[in-house]
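Undergrad: Heads up: the protein sequence lines correspond to chains A and B, in order. Okay, so the first sequence: first residue is 1 according to UniProt numbering, each after it adds one. Okay, so the second sequence: first residue is 1 according to UniProt numbering, each after it adds one.
Be aware that a few hints might be false.
Some chain B residues close to chain A (C-beta under 7 angstroms, calculated; not the full set) [what the hints assert, rightly or not]:
1) Val139
2) His141
3) Ser172
4) Met175
5) Val176
6) Thr177
7) Leu179
8) Glu185
9) Asp234
10) Asp235
Think about it this way: if two alpha-carbon atoms lie no more than 30 angstroms apart in a straight line, the pair counts; the simulated DSS-like pairs of lysine-lysine are [as the list claims (entries may be wrong)]:
11) B:Lys61 - B:Lys85
12) A:Lys6 - A:Lys99
13) B:Lys158 - A:Lys6
14) A:Lys254 - A:Lys164
15) A:Lys254 - A:Lys38
16) A:Lys262 - A:Lys25
17) A:Lys25 - A:Lys38
18) A:Lys25 - B:Lys98
19) B:Lys103 - A:Lys25
20) B:Lys103 - A:Lys38
21) A:Lys108 - B:Lys173
22) A:Lys108 - B:Lys158
23) A:Lys206 - A:Lys239
24) A:Lys239 - B:Lys173
25) A:Lys99 - B:Lys158
26) B:Lys103 - B:Lys75
27) B:Lys158 - B:Lys173
28) A:Lys239 - A:Lys254
29) B:Lys173 - A:Lys104
30) A:Lys193 - A:Lys46
31) A:Lys167 - A:Lys46
32) A:Lys93 - B:Lys158
33) A:Lys104 - B:Lys75
34) A:Lys25 - A:Lys93
35) A:Lys254 - A:Lys193
36) A:Lys193 - A:Lys206
37) A:Lys164 - A:Lys206
38) A:Lys28 - A:Lys93
39) B:Lys173 - A:Lys6
40) A:Lys28 - B:Lys202
Keep in mind the hints are simulated off the structure, nothing from the lab. C-beta: ideal position from N, C-alpha, C; glycine also.
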Amino acid sequence: MRFRAKIVDLACLNHFSRIINTIAKLAKTCILRLTVCKLYFILSDKVANGGASMWCELSQGNFFDEFQMEGVAAEHNEIYLEFVPENLSRALKTAQSAKAVKIKLTNKHCPCLRVAVELPSLSSSSRIVTHDIPVGVIPRRMWNDFREPSVPDFDVSIYLPVLKTMKSVVERMKNLSNFIVIEANLSGEMNLKIETDLVSVTTHFKDLGNPPWASEDGCQSSVQGRDLESMAEACIDIKKLQQLLAGQQVNPTKALCNIVRKRIVHFILLHEEVSLQYFIPAVA
Amino acid sequence: LSRIGDELYLEPTESGLSLRAVNSSRSAFASFLFAPLFFQLYEPGGAGPDTELFRCKVHMKSFLGVFRSLPSLEKSVGKCLILLKPRASRLVLQLHCKYGVTKTHNLAFQECERLQAVFDTQRCASCLCAPARVLAEAVVHFPPTLAEVTLGTGPGGKISLRNYVEDEAEPSKTMVTELWLAEDEFQSVAVAPGSHITFCLKEFRGLLSFAEASNLPLTIHFDEPGRPVIFTLDDTVLEVHLVLATLSDLESNSQSPSTNGVSHLPAPSDDFADDLESYMAAMETSEGCSEGPRSPTFPLCTPRPAKSKPQQQEEEEEEEEEEEGAVPGTPPHKKFRSLFFGSVMTPGRPGPATAQEVLAEDSDGE
Numbered sequence: 001m002r003f004r005a006k007i008v009d010l011a012c013l014n015h016f017s018r019i020i021n022t023i024a025k026l027a028k029t030c031i032l033r034l035t036v037c038k039l040y041f042i043l044s045d046k047v048a049n050g051g052a053s054m055w056c057e058l059s060q061g062n063f064f065d066e067f068q069m070e071g072v073a074a075e076h077n078e079i080y081l082e083f084v085p086e087n088l089s090r091a092l093k094t095a096q097s098a099k100a101v102k103i104k105l106t107n108k109h110c111p112c113l114r115v116a117v118e119l120p121s122l123s124s125s126s127r128i129v130t131h132d133i134p135v136g137v138i139p140r141r142m143w144n145d146f147r148e149p150s151v152p153d154f155d156v157s158i159y160l161p162v163l164k165t166m167k168s169v170v171e172r173m174k175n176l177s178n179f180i181v182i183e184a185n186l187s188g189e190m191n192l193k194i195e196t197d198l199v200s201v202t203t204h205f206k207d208l209g210n211p212p213w214a215s216e217d218g219c220q221s222s223v224q225g226r227d228l229e230s231m232a233e234a235c236i237d238i239k240k241l242q243q244l245l246a247g248q249q250v251n252p253t254k255a256l257c258n259i260v261r262k263r264i265v266h267f268i269l270l271h272e273e274v275s276l277q278y279f280i281p282a283v284a
Numbered sequence: 001l002s003r004i005g006d007e008l009y010l011e012p013t014e015s016g017l018s019l020r021a022v023n024s025s026r027s028a029f030a031s032f033l034f035a036p037l038f039f040q041l042y043e044p045g046g047a048g049p050d051t052e053l054f055r056c057k058v059h060m061k062s063f064l065g066v067f068r069s070l071p072s073l074e075k076s077v078g079k080c081l082i083l084l085k086p087r088a089s090r091l092v093l094q095l096h097c098k099y100g101v102t103k104t105h106n107l108a109f110q111e112c113e114r115l116q117a118v119f120d121t122q123r124c125a126s127c128l129c130a131p132a133r134v135l136a137e138a139v140v141h142f143p144p145t146l147a148e149v150t151l152g153t154g155p156g157g158k159i160s161l162r163n164y165v166e167d168e169a170e171p172s173k174t175m176v177t178e179l180w181l182a183e184d185e186f187q188s189v190a191v192a193p194g195s196h197i198t199f200c201l202k203e204f205r206g207l208l209s210f211a212e213a214s215n216l217p218l219t220i221h222f223d224e225p226g227r228p229v230i231f232t233l234d235d236t237v238l239e240v241h242l243v244l245a246t247l248s249d250l251e252s253n254s255q256s257p258s259t260n261g262v263s264h265l266p267a268p269s270d271d272f273a274d275d276l277e278s279y280m281a282a283m284e285t286s287e288g289c290s291e292g293p294r295s296p297t298f299p300l301c302t303p304r305p306a307k308s309k310p311q312q313q314e315e316e317e318e319e320e321e322e323e324e325g326a327v328p329g330t331p332p333h334k335k336f337r338s339l340f341f342g343s344v345m346t347p348g349r350p351g352p353a354t355a356q357e358v359l360a361e362d363s364d365g366e
């Protein structure tokens, strides 16, 4: 099992750091899955995570100048590592002016991701900062726990409003209630609602647009048959939603959510080079 | 100074005004000596050549409160007068400002013994000098909450800084950050090979900001683990000393010095053992996982053991005085002196503590 990668371009490094910062805001510990072409950051929906789960994938070619990976075995050419993304975020934080950043899987005292940052210095040789981030190697028998979640059979799919606006609304609501209701319909309308003994607040968004989902089994027709005005709603933990919105450092190219009435809300945030899916289950 | 202690000690001496502070666990001490030339007027007072100059301590916050907003002070204050009135029990700070405004602050003070740390830069085997900026840039890679850092020397003359991981913490859960600086980043390097010391970052950061602001190079004197590390800044009118206790190595005499594996780590190269097949197969092996001797808990956390070593009594009187500003013949404050006994003493250690003897050895005076 080997892994070595190198980033030389500052813009790529910056972008990669921002992605890691977003992941760090969503998960205290998560799984890094390495394949020949892609990196995945996975949070599975265990109870410990509050039931929320995450799937983030990016193509290594868009970030790394060098990328070499050898998995556990030839027919399973992948590596699954458990790590604390906050550590990686910290390691990259002070690397913003680096000449090069190398990441390597090592096993000195215990398995670690060694991030070596080469910094410019006034002396003849560069300054090198290394960060050894401890990782847990996930054995192959457990890989099935971390499969890509399928898109749920949703009732409504809708584009999200401008994230900055949504974030500030949710942040204010967070002070009043622990739970928030997201409801939307197929006419591009979405409401964010909170309700307590003392007060209820609703923010209405319209003209958001609904993404067209071409499905293989022809569900499209059943969608068309539905009432376009009827709202599908789900009540979710407001903190999870706030974390998702607060972690977005760059505006995604596309942001949408799929609501399964009273079951789950599936958020999809697409950037040019990275896609992030976040599932927040509805509370009973 | 406020980063170190809650009380500011003012000690006027013939060679200048010394401002000092010590922390509550007695593991950090700093002194700023302002030469008479620094002031427009300097009268240390004292009725005669044999009377001790009056010294006192005040609450750090009260003193700082007078100088609260530096930018506005710089604009409005013309002169500042510091007057010690022992009989009135007041330390007077008078700011003469523009437009004829005078602000007078009367601070209550407490009399105190001389605050004196025991250290001697001449006895330190290793010495480094670097521009403050280089050290500040190095320290930025460590999280602000990091308590202790290990400074070490490596092959090729490189100097390393590494976060110290306590033995209680699980090594497989803690991130380790290490920074290597080349010898030519320093103004001078005279170090014993393979040497290393671990000290508290918080107080060091305080000195570092001061050094950066005043654009002075910082000199680091250190010796064996357990012996204090001394940071100095020098200027024509100012001498600054920061003395920090360092973590001592229990088995540093029996093993090659390899705490935290600093001297074993090669300067970063590409040939690390990254073969995890052997890891997967040998997950049970604990080989290589318990590197580094068990060090005693850093003094900050350990309550100081009671000092009752009669044979040390005479030696105490012969111990070196602080280099600068020492009032000859005044024995250093015993209570404080025992700090640097405390930092090398390890409770329950069998036999005489070798490191302790080093600190207490006879001197012929300086």
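Undergrad: Against each hint, give a clear statement of whether it holds in the structure.
TA: Hints, one by one, checked against the model:
Proximity of Val139 of chain B to chain A is violated relative to the hint, the smallest CB-CB distance being about 10 angstroms (cut-off 7 angstroms). Taking 7 angstroms as the C-beta cut-off, the interface hint given for His141 of chain B holds, the closest approach to chain A being about 5 angstroms. The interface hint given for Ser172 of chain B is met, as the beta carbon of that residue sits about 4 angstroms from the closest beta carbon of chain A, less than 7 angstroms. Given hint, Met175 of chain B at the interface with chain A, holds; its Cβ is 4 angstroms from that chain's nearest Cβ, closer than 7 angstroms.
Of the supplied interface hints, the one on Val176 of chain B holds, with its beta-carbon coming within about 4 angstroms of a beta-carbon of chain A, less than 7 angstroms. The interface hint given for Thr177 of chain B holds, since its Cβ lies 5 angstroms from the closest Cβ of chain A, which is under the 7 angstroms cut-off. About 5 angstroms separates the beta-carbon of Leu179 of chain B from the nearest beta-carbon of chain A, less than 7 angstroms, and the hint is met. Taking 7 angstroms as the C-beta contact cut-off toward chain A, the hint placing Glu185 of chain B at the interface holds, the least distance being around 5 angstroms.
Here the hint on Asp234 of chain B is broken, as its CB sits about 22 angstroms from the closest CB of chain A, past 7 angstroms. Checking Asp235 of chain B against chain A: minimum C-beta separation of about 23 angstroms lies over 7 angstroms; hint violated. For the hint pairing Lys61 of chain B with Lys85 of chain B, the CA-to-CA distance comes to about 20 angstroms; that is within 30 angstroms, so the pair holds. Distance hint between Lys6 of chain A and Lys99 of chain A is fulfilled; the C-alpha atoms sit about 11 angstroms from each other, no more than 30 angstroms.
This hinted pair checks out: Lys158 of chain B and Lys6 of chain A have alpha carbons roughly 24 angstroms apart, not beyond 30 angstroms. At roughly 14 angstroms between alpha-carbon atoms, Lys254 of chain A and Lys164 of chain A fall within 30 angstroms of each other, so this suggested pair holds. Using a Cα cut-off of 30 angstroms, the hinted pair Lys254 of chain A and Lys38 of chain A holds, with the two alpha carbons roughly 20 angstroms apart. For the hint linking Lys262 of chain A to Lys25 of chain A, the alpha-carbon distance of about 25 angstroms falls within 30 angstroms, and the restraint holds.
Restraint check for Lys25 of chain A and Lys38 of chain A: the C-alpha separation of about 21 angstroms stays at or below 30 angstroms, so the hint holds. For the suggested pair Lys25 of chain A and Lys98 of chain B, the alpha carbons sit about 51 angstroms apart, so the restraint of at most 30 angstroms is broken. Restraint check: the Cα-Cα separation between Lys103 of chain B and Lys25 of chain A comes to about 50 angstroms, which exceeds 30 angstroms; the hinted pair is violated. The hinted pair formed by Lys103 of chain B and Lys38 of chain A fails the criterion: a straight-line CA distance of about 67 angstroms is larger than 30 angstroms.
With a CA separation close to 14 angstroms, the supplied pair Lys108 of chain A and Lys173 of chain B stays within the 30 angstroms bound. Pair hint Lys108 of chain A plus Lys158 of chain B holds up; C-alpha atoms about 21 angstroms apart against a cutoff of 30 angstroms. Restraint check for Lys206 of chain A and Lys239 of chain A: the C-alpha separation of about 24 angstroms stays at or below 30 angstroms, so the hint holds. For the hint linking Lys239 of chain A to Lys173 of chain B, the alpha-carbon distance of about 27 angstroms falls within 30 angstroms, and the restraint holds.
Distance hint between Lys99 of chain A and Lys158 of chain B is fulfilled; the C-alpha atoms sit about 19 angstroms from each other, no more than 30 angstroms. Of the pairs offered as hints, the one joining Lys103 of chain B and Lys75 of chain B holds, with about 15 angstroms between alpha carbons and a cut-off of 30 angstroms not exceeded. Using a Cα cut-off of 30 angstroms, the hinted pair Lys158 of chain B and Lys173 of chain B holds, with the two alpha carbons roughly 27 angstroms apart. Straight-line distance between C-alpha atoms of Lys239 of chain A and Lys254 of chain A comes to about 22 angstroms, which keeps the hinted pair within the 30 angstroms bound.
Proximity of Lys173 of chain B to Lys104 of chain A is assessed by CA-CA distance (about 17 angstroms); at most 30 angstroms being required, the pair is judged to hold. Distance check on the hinted pair: Lys193 of chain A and Lys46 of chain A sit about 27 angstroms apart at the alpha-carbon level, within 30 angstroms; holds. For the proposed pair Lys167 of chain A and Lys46 of chain A, the alpha carbon gap of about 26 angstroms is at most 30 angstroms, so the pair holds. Distance check on the hinted pair: Lys93 of chain A and Lys158 of chain B sit about 24 angstroms apart at the alpha-carbon level, within 30 angstroms; holds.
For the suggested pair Lys104 of chain A and Lys75 of chain B, the alpha carbons sit about 54 angstroms apart, so the restraint of at most 30 angstroms is broken. The suggested pairing of Lys25 of chain A with Lys93 of chain A holds, with an alpha-carbon distance near 14 angstroms, which does not exceed 30 angstroms. The suggested pairing of Lys254 of chain A with Lys193 of chain A holds, with an alpha-carbon distance near 23 angstroms, which does not exceed 30 angstroms. Of the supplied pair hints, the one linking Lys193 of chain A and Lys206 of chain A holds, its CA atoms being roughly 15 angstroms apart against a limit of 30 angstroms.
Among the hinted pairs, Lys164 of chain A with Lys206 of chain A is consistent with the structure: their alpha-carbon atoms are about 16 angstroms apart, no more than 30 angstroms. About 17 angstroms separates the Cα atoms of Lys28 of chain A and Lys93 of chain A, which keeps this hinted pair within 30 angstroms; it holds. Proximity of Lys173 of chain B to Lys6 of chain A is assessed by CA-CA distance (about 24 angstroms); at most 30 angstroms being required, the pair is judged to hold. Distance restraint check for Lys28 of chain A and Lys202 of chain B: the Cα-Cα separation of roughly 26 angstroms lies within the 30 angstroms cut-off, and the hinted pair is therefore satisfied.
Of the numbered hints listed earlier, those contradicted by the structure are 1, 9, 10, 18, 19, 20 and 33.
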